[in-house]
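Quick mapping for you: the protein sequence lines, in order, are chains S and H.
When we follow this note's numbering, the leftmost residue of the first sequence carries the number 1, and every step to the right adds one.
When we follow this note's numbering, the leftmost residue of the second sequence carries the number 1, and every step to the right adds one.
Hint data in this document are derived by calculation from the structure and do not stem from the laboratory.
Keep in mind that the hints are not guaranteed to be accurate.
Below 20 Å or equal to it, Euclidean Cα-Cα: the simulated DMTMM-like pairs (lysine to aspartate or glutamate) are [to be verified]:
hint, chain 1, residue 1, chain 2, residue 2
1, H, K131, H, D26
2, H, K93, H, D25
3, H, K155, S, E128
4, H, K75, S, D91
5, H, K155, H, D35
6, H, K93, H, E129
7, S, K154, H, E149
8, S, K154, H, E127
9, S, K165, H, E118
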Amino acid sequence: MEMDSQKTQPIISSSPPGRISLRPMTLSDVDDYMVWATDPKVARFCTWEPCTSRDEAIKYITDRVLTHPSLRAICLEDDRPIGYILIMAVDNIRKEIGYVLARKYWGKGFATEAVRLVTAEVFKECPEIERLEALVDVDNVGSQRVLEKVGFTKEGVMRKFLCIKGSVRDTVMFSFLPTDTLK
Amino acid sequence: MESPIIFLRPFNLSDAEDVFKWAGDDDVTRYLRWDSVKTIEEAKQHILNKAIPHPWRRSISLLQHGRSLGYVSVKPDSGDGRCRADLAYAVAKEFWGRGIATAAVRMAVEQAFEDFPELVRLQAVVEVENKASQRVLEKAGFRKEGLLEKYGFSKGEIRDMFLYSFVKDDCFV
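Next up, chain S with everything else stripped away, as it sits in the complex:
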């Protein structure tokens, strides 16, 4: 049977590119920062406790955020941060990615876009890097979905890997290699 020749439809991705941008954080971001930093649901799988005051936030941004070599705000069109993303050096061939998003913006593909952008960038800017990894709490399904959508490989569950807030947690190990394809 002859097939009708049809023009193939362009692939519509679930998160059209260009909705978010990344830039360094500044002190003037403090109020937006507090939206997620004070939220226990956001802090749930992080090592930090929710922030309790604006002064605390200013101090934290000054001491830890502004000094961080790679931490960047994830911003929407209005240039206001809705979260952040960072890369940590594990050793000279391995880096680890981490990210946080205010709860209001969960489930819309913003973290996926940010991770995709940063992953592409890391291998371009650091050609010596052989492996980018992400460690996610076994219960943090949202974050696992982000990494799967970007094309990270789930390598396994590391049992009782991390002590967070007094309890020992199972952690999922994900990796992305320079030979992998971004989805």
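With chain S held as given, fit chain H onto it using these hints.
Just chain H now, kept in the frame of chain S:
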């Protein structure tokens, strides 16, 4: 195979000659992160600078206070990682194939959980080619959690490694 009776004890400088026999053997150190020692003097330095100051490194012997024929070590992480520790071991080639590494690992696991009260997880990374070491861990009751590609450098090359773990509630096989 019946499990041999082995003893674990701290290292002494007087172990230098025996340590040289296995720490100077490329076949033994092949999958370890450190290079073979070249002389008895270097073996002495290795004991002084690495083995003795280590938080938990034990010499393996077949007799109590006997000659060192290998080592097993447990290195706890800190901070958020204080619930976990890295396991490493090596045995002199003439003693391979007798279940000594497995016996040493089992004893080390038991003792480490006692000596480090916050410890809940022992882990080991093993190169994909190192099948003998994978069998040691499996016989000792460790569970393979996954393949970590391009996980680390060993002897100047990037290696794929299997990650194994033994968690406090696990049983010895």
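Outcome of the hint check:
no. : hint               : result
1   : H:K131 with H:D26  : 17 Å, holds
2   : H:K93 with H:D25   : 8 Å, holds
3   : H:K155 with S:E128 : 17 Å, holds
4   : H:K75 with S:D91   : 18 Å, holds
5   : H:K155 with H:D35  : 8 Å, holds
6   : H:K93 with H:E129  : 17 Å, holds
7   : S:K154 with H:E149 : 11 Å, holds
8   : S:K154 with H:E127 : 19 Å, holds
9   : S:K165 with H:E118 : 14 Å, holds
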